[in-house]
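Given chain S, put chain F in place with the hints provided.
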Amino acid sequence: MTTLLHPGPAPTPRQLILNGIFAENPVFRLALSLCPAVAVTTSVLNGLLLGVAVLAVQVLSSVTVTLVRGLIHPRVRIPVYTIIIAVWVSAIDMALAAFFPALYAQVGLYVKLIVAFAIIISRLEVFASRQPLVPSFFDGLGMGLGFLLALLAIGAFRELLGSGSFAGHAIAPGKPLLFLTLPAGGFFSIAILMAFFNWIEARARRGREGSAPAPRAAAGGTHGV
Amino acid sequence: MSRSGLWLAAALTAAGLMLTAESAGADDTRILSARPVPPDGIRLRFSAPIGRTDPANFRVTTAQAPDIPIAVLAVEPGPGHRVSLKLSEPVTSTGRYRLDVSDPPLHREVNPSPWTLMLGVFLASALINNFVFTRYLGLCIFFGVSKKRDTAIGMGITFAVVMILTGMLSWAIDSWVLRPLQLSFLQILVFIGVVAFAVQLLDTVLRKTHAALYQRWGIYLMLITTNCIILAVPLLNATAKSGSLEALALAVGSGIGFAVALFLMSCARERMELARVPAPFAGLPIAFALTGLFALAFMGFSGLDFFR
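Residue numbers (this note's numbering), protein chains in the order written: chain S, 1 to 225; chain F, 226 to 533.
What the hints contain is simulated information worked out from the structure, not anything from laboratory work.
Beta carbons: idealized from backbone N, C-alpha and C, even for Gly.
Errors might be hidden in some of the hints.
Distance ranges between label pairs, derived from CB positions [unchecked claim]:
1) F:Val262 <-> S:Val68: 42 to 48 Å
2) S:Ile72 <-> F:Trp401: 29 to 35 Å
3) S:Ile200 <-> F:Ala397: 49 to 55 Å
4) F:Gly528 <-> S:Leu133: 53 to 59 Å
5) S:Phe22 <-> F:Gly525: 36 to 42 Å
6) S:Arg206 <-> F:Thr376: 31 to 37 Å
7) S:Ala102 <-> F:Gly468: 24 to 30 Å
8) S:Ile83 <-> F:Ile382: 26 to 32 Å
9) S:Ala105 <-> F:Thr286: 22 to 28 Å
10) S:Ile200 <-> F:Thr376: 31 to 37 Å
11) S:Met94 <-> F:Asp292: 29 to 35 Å
12) S:Glu125 <-> F:Ser409: 28 to 34 Å
13) F:Pro405 <-> S:Ile171: 48 to 54 Å
14) S:Ala102 <-> F:Ala281: 38 to 44 Å
Extracted from the complex, chain S is given alone in its bound form (with noise of 0.2 Å):
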């Protein structure tokens, strides 16, 4: 699943947060935790609140999790994991419905949710039990981030094309193609910004390699929630 595991040099900060964002991104590489980025991303706003909930609970976690492990029977240990998210995300609910009550209104169910997302507890059991605090810290950093980032993609897109705003501030005038913010878009969306990144893939491909090998599909990693 990640290189970044094998014996080497340690990786560098830098590289553990452009992982997340590029290499492994969660939402466009490992087409995982899915949903959300689907049901909040009618504009730019709603994913970046989720997308923050996100970042802040893997980091909170991946960090708690590095620092009592020692303490952990690894027989439970995915049940303390799911306890020690769920402890965050009880924190990061309250405060988001604390903060902005508004935007908490629309995302809030999908908040509460992020207790099963499949990326935080992978992360966990791939990164933040085996690695020391440091590098802990920044590779749920970068995916925190990688998550956010794929997020206001897709929020962008929806919110640009479907009501012509960005971040609820009108800069087209009409809506372009208001089909976009209906629950259906939020699939083609996805569908078409995953071919793209297909199609730009496959073209670096067979730049670099002069030739034309057959084009992978997106991420084949599909279970998980």
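Just chain F now, with coordinates in the frame of chain S:
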């Protein structure tokens, strides 16, 4: 299809009315039943004739805002001590209202019949607000297991069973323990625990009692433990502070809705294997586009109302 559905609804409503009529009954004048009747009426049945049938004799409010009366435009007496009120504002078949009569002095909560309520919540959660197509929950599982029809059916049934079990268990804990003790902030932690517990329980019981069944469906159980779609049912119930019937209807409806979505998608994807898909769209992107088409179709259910 639609005619038999109407008959079913009528029979269920009649059964609900009979149940309420039996539970009341006394010497002096009482309100035997009170139901909201869309678009803008309330139907009452008294145990004896009442003296005044002018609009000023009745005061109607919603249950949420008992201080703001809704004007009663007309009162129509009917046979068998029945009275129909015509209101200035529309009512919904699942809304809750309060009614005060000044002569004779009576008070009554106007609630939808339990059957209406259950059927309404069931249809809403199964079709109108389908978990996959309009709430976007359980997408990863949805894309992961909808490649083959057999797997999809197994997964759908297992999900529905677990959803009903955990939904009712969490509802009981939430409304009898967490809310009375002001512990609602523990919701997320407790619900995750309940789901894990129920899945483990089902796993153990099935393995001991129905080995054949376990061999067939057991593998899906382990995939469920911390799934967003399973967790969403208790969370939705807790947010809406639902009663037991609504909670049950939501759990059953969501389970069936998810199973239907999985089945439809698996049928479509089996066909897709033979289709020629543009290279960048191969795999997940075309599956997303397909789901988008299903979501478009399911939008047609948004106008569905049985009781109009």
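Can you tell me whether the CB distance of Arg206 (chain S) to Thr376 (chain F) sits inside 31 to 37 Å?
35 Å Cβ-Cβ, so the 31 to 37 Å window holds.
Confirm or reject the claim that Glu125 (chain S) and Ser409 (chain F) have a C-beta distance inside 28 to 34 Å.
holds (30 Å)
Quick check on a hinted range of 24 to 30 Å for Ala102 (chain S) and Gly468 (chain F), using CB atoms only.
At roughly 29 Å between Cβ atoms, Gly468 (chain F) and Ala102 (chain S) fall inside 24 to 30 Å, so the hint holds.
CB of Val262 (chain F) to CB of Val68 (chain S), is that within 42 to 48 Å?
For Val68 (chain S) against Val262 (chain F), whose Cβ atoms are near 60 Å apart, the range 42 to 48 Å is violated.
Against the range 26 to 32 Å, how does the distance between the Cβ atoms of Ile83 (chain S) and Ile382 (chain F) compare: consistent or not?
Holds, at about 30 Å.
Has the hinted range 29 to 35 Å been met by the Cβ atoms of Ile72 (chain S) and Trp401 (chain F)?
At 32 Å between Cβs, range holds.
Is 53 to 59 Å right for how far apart the beta carbons of Gly528 (chain F) and Leu133 (chain S) are?
Since the Cβ atoms of Gly528 (chain F) and Leu133 (chain S) sit about 55 Å apart, the hinted range of 53 to 59 Å holds.
Using the Cβ atoms, figure out if Phe22 (chain S) sits within 36 to 42 Å of Gly525 (chain F).
For Phe22 (chain S) and Gly525 (chain F) the Cβ distance comes to about 40 Å; the hint holds.
Taking the beta carbons of Ile200 (chain S) and Ala397 (chain F), is their distance inside 49 to 55 Å?
With Cβ atoms ~51 Å apart, the hint holds.
CB-CB spacing for Thr286 (chain F) and Ala105 (chain S) relative to the 22 to 28 Å hint
At 25 Å between Cβs, range holds.
Ala102 (chain S) and Ala281 (chain F), beta-carbon distance inside 38 to 44 Å?
This hint holds: roughly 41 Å between Cβ atoms.
Cβ distance range 48 to 54 Å for Pro405 (chain F) and Ile171 (chain S), holds or violated
Because 50 Å falls inside the window, the suggested range holds.
Against the hints set out earlier in the document, a violation occurs for number 1 only.
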